[in-house]
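Undergrad: The chain contents come next:
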Amino acid sequence: QVQLQESGPGLVKPSQTVSLTCTVSGGSISSGGYYWSWIRQHPGKGLEWIGYIYDSGSTYYNPSLKSRVTISLDTSKNQFSLKLSSVTAADTAVYYCARAPSIVVVTHWGQGTLVTVSS
Amino acid sequence: QSALTQPPSASGSPGQSVTISCTGTSSDVGGYNYVSWYQQHPGKAPKLMIYEVNKRPSGVPDRFSGSKSGNTASLTVSGLQAEDEADYYCSSYAGSNNLVVFGGGTKLTVL
Chain Y
5 QVQLQESGPG LVKPSQTVSL TCTVSGGSIS SGGYYWSWIR QHPGKGLEWI GYIYDSGSTY
65 YNPSLKSRVT ISLDTSKNQF SLKLSSVTAA DTAVYYCARA PSIVVVTHWG QGTLVTVSS
Chain G
30 QSALTQPPSA SGSPGQSVTI SCTGTSSDVG GYNYVSWYQQ HPGKAPKLMI YEVNKRPSGV
90 PDRFSGSKSG NTASLTVSGL QAEDEADYYC SSYAGSNNLV VFGGGTKLTV L
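Listed in order, the protein sequences are those of chains Y and G. Going letter by letter, the first sequence gives residues 5 to 123 in this note's numbering. Going letter by letter, the second sequence gives residues 30 to 140 in this note's numbering.
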């Protein structure tokens with residue numbers, strides 16, 4: 005059974021870059037055919053798609069975040085990562101990593117990690 | 030403000046049926062048969078309940094069903110059970126520019 009686990013700092017200062025890593029177990033990230041994705045949820049709010057990286061290396065970023073987001077893949081570690089730059093309080097959210105066999109069908113989610121942006 | 034519009038709340042008694050709507054536009058819900066529904070219990074990650082409008086993943090009870098008419102998709106939960114109490118989110122493919130959009134979520138209460 006594939007499992008995903010996010011890791012990263014829980015607290016980040018405004019204007020800094022937050023880096024999150026998703027470790028995949030129970031399956032290879034190189035197995036092909038999946039969109040490795042990041043989705044966030046502001047406290048008490050709905051879901052927001054941040055972006056994905058396909059196993060070919062192609063990426064898609066939400067237009068509203070595109071200038072600040074980078075998603076990358078590390079097949080040697082079976083991980084993928086999210087970097088979000090120039091963070092503000094509006095980026096405070098629970099960040100989920102996820103695996104999707106198609107863009108709108110997320111079958112596997114990490115447990116989520118809360119990132120708080122505060123000085 | 031979410032791209033897709035859902036009612037903030039819905040409720041029903043055990044055994045009853047409840048339907049949650051998800052309204053978009055011809056650029057998302059109405060334009061593609063790629064609508065998904067997710068269930069989220071407090072403090073937990075979302076869980077896929079319906080995909081491609083009306084398909085159920087393995088393990089999801091057949092009490093959950095999906096449909097679509099025009100720009101509005103719907104999730105129906107029949108034979109309500111206490112464990113169905115959760116937040117429900119719809120999502121839709123929205124074309125190559127916006128890709129995936131979500132609804133604001135509906136809190137389902139089992140009375």
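I should point out that these hints are in silico values taken from the structure, not numbers from a laboratory. A virtual CB, placed ideally from N, CA and C, is assigned to each residue, including glycine. Any given hint could turn out to be false.
As the list claims (entries may be wrong) - Heads up, simulated DSS-like pairs for lysine-lysine below, C-alpha to C-alpha not over 25 Å straight-line:
id: 1; chain 1: G; residue 1: Lys84; chain 2: Y; residue 2: Lys87
id: 2; chain 1: G; residue 1: Lys136; chain 2: Y; residue 2: Lys49
id: 3; chain 1: Y; residue 1: Lys87; chain 2: Y; residue 2: Lys70
id: 4; chain 1: G; residue 1: Lys97; chain 2: G; residue 2: Lys76
id: 5; chain 1: Y; residue 1: Lys87; chain 2: Y; residue 2: Lys49
id: 6; chain 1: G; residue 1: Lys84; chain 2: G; residue 2: Lys73
id: 7; chain 1: Y; residue 1: Lys49; chain 2: Y; residue 2: Lys70
id: 8; chain 1: Y; residue 1: Lys87; chain 2: Y; residue 2: Lys17
id: 9; chain 1: G; residue 1: Lys97; chain 2: G; residue 2: Lys136
id: 10; chain 1: G; residue 1: Lys73; chain 2: G; residue 2: Lys136
id: 11; chain 1: Y; residue 1: Lys87; chain 2: G; residue 2: Lys136
id: 12; chain 1: Y; residue 1: Lys49; chain 2: G; residue 2: Lys73
To be verified - Partner residues aside, some chain Y positions facing chain G, computed with beta carbon under 10 Å:
id: 13; residue: Gly37
id: 14; residue: Ser90
id: 15; residue: Val91
Undergrad: All hints, please: hold or fail.
TA: Hints and how they fare:
no.	hint	in the structure
1	G:Lys84 with Y:Lys87	violated (34 Å)
2	G:Lys136 with Y:Lys49	holds (11 Å)
3	Y:Lys87 with Y:Lys70	holds (11 Å)
4	G:Lys97 with G:Lys76	holds (20 Å)
5	Y:Lys87 with Y:Lys49	holds (22 Å)
6	G:Lys84 with G:Lys73	holds (23 Å)
7	Y:Lys49 with Y:Lys70	holds (21 Å)
8	Y:Lys87 with Y:Lys17	holds (14 Å)
9	G:Lys97 with G:Lys136	holds (20 Å)
10	G:Lys73 with G:Lys136	holds (14 Å)
11	Y:Lys87 with G:Lys136	violated (31 Å)
12	Y:Lys49 with G:Lys73	holds (14 Å)
13	Gly37	violated (16 Å)
14	Ser90	violated (22 Å)
15	Val91	violated (21 Å)
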